[in-house]
Amino acid sequence: MYTIATLEDLRRHLKLGDEDRGSDEHLLRTLGEASQLIESATARRYCPRVETLEISPEEANPRSLLLPDDLLELRAVRDDSGEIDLARIRIFPGDRDEPAFLLLYKAGAVFRTGEDGTNVVSVTGVWGWHNRWTSAWRDSGDRVSGNALSANSALIGVKNSDGADADGLRPRFHVGHLLRIDGEYLRVTGIDRKANQLTVLRGVGGARATGHRQNAKIETYAPMPAIRDLTVRYAEQLIKSAGPLELESTSMLRRMRRVTA
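The numbering used here puts the last residue of the sequence shown at 261; the count rises by one with no breaks.
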């Protein structure tokens, strides 16, 4: 299950009451469909993922790597000579809030590629689009409760699933939420509010599932608000429409579309 917005986002948009839960499964599937349509139309992903991409340096300038995707966080760069000290790499743009599109080797050095015809450099990082990346992860106001969390457990105990998050919004956990615990990404697929227990998918978005100590901090991902709101509106249209949506006619999607050389 991959959604940009959460089930609660869509339910609030549709003004559904807590007593009306019979359509939740259908709503969640529709949210996934709307998320795929928006990402396909803009050639971008709006939830972060950890991945290593193989990229060929520019022929005219072997100091530079034009990135094929939006880079939110650079973690490692490796060429034929081995791992490169990230202090020697310049990132464009240099704003930590905005995704990068270019890496440049400092001090006149060039990326070294193999003689076996591969001609690629490995770039490991967090990829995706957000215009406020440094504030994209929010404190849920909750922590891993009860027992420590093993690497293969699909259930997380929390202190109060109905409580407010650090921004005062409640409930703090929604079905569809992307969580972060100690660097691992997890996706909420179910919530038992009486038992204060979350059912989750482990190690999503390319992040490795690991064990987590009791009382580990739980963060929730807040996608770009305009894209989140657009996702719930398209989901509403999918629910009401019998025909295909004219996504390309949406001016915001045209502006957001990733342009490649």
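In short, the hints are calculated from the structure, not lab data.
Keep in mind that a hint or two might mislead.
Said to hold, decoys possible - Only pairs whose alpha carbons sit at most 25 Å apart, straight line, appear in this in silico DSS-like list of lysine-lysine: (1) 240 / 15; (2) 106 / 159; (3) 240 / 217; (4) 159 / 217; (5) 194 / 15.
Against the structure, the hints come out as follows:
Between residue 240 and residue 15, the direct Cα distance comes to roughly 15 Å. Compliance with the 25 Å bound is thereby established for this hinted pair. Between the alpha carbons of residue 106 and residue 159 the distance comes to roughly 48 Å, so the proposed pair goes past 25 Å and is violated. Between the alpha carbons of residue 240 and residue 217 the distance comes to roughly 39 Å, so the proposed pair goes past 25 Å and is violated. A C-alpha spacing of about 11 Å is found between residue 159 and residue 217, which places the hinted pair at or below 25 Å, so the restraint holds.
With a CA separation close to 23 Å, the supplied pair residue 194 and residue 15 stays within the 25 Å bound.
Of the numbered hints stated above, those contradicted by the structure are hints 2, 3, listed in ascending order.
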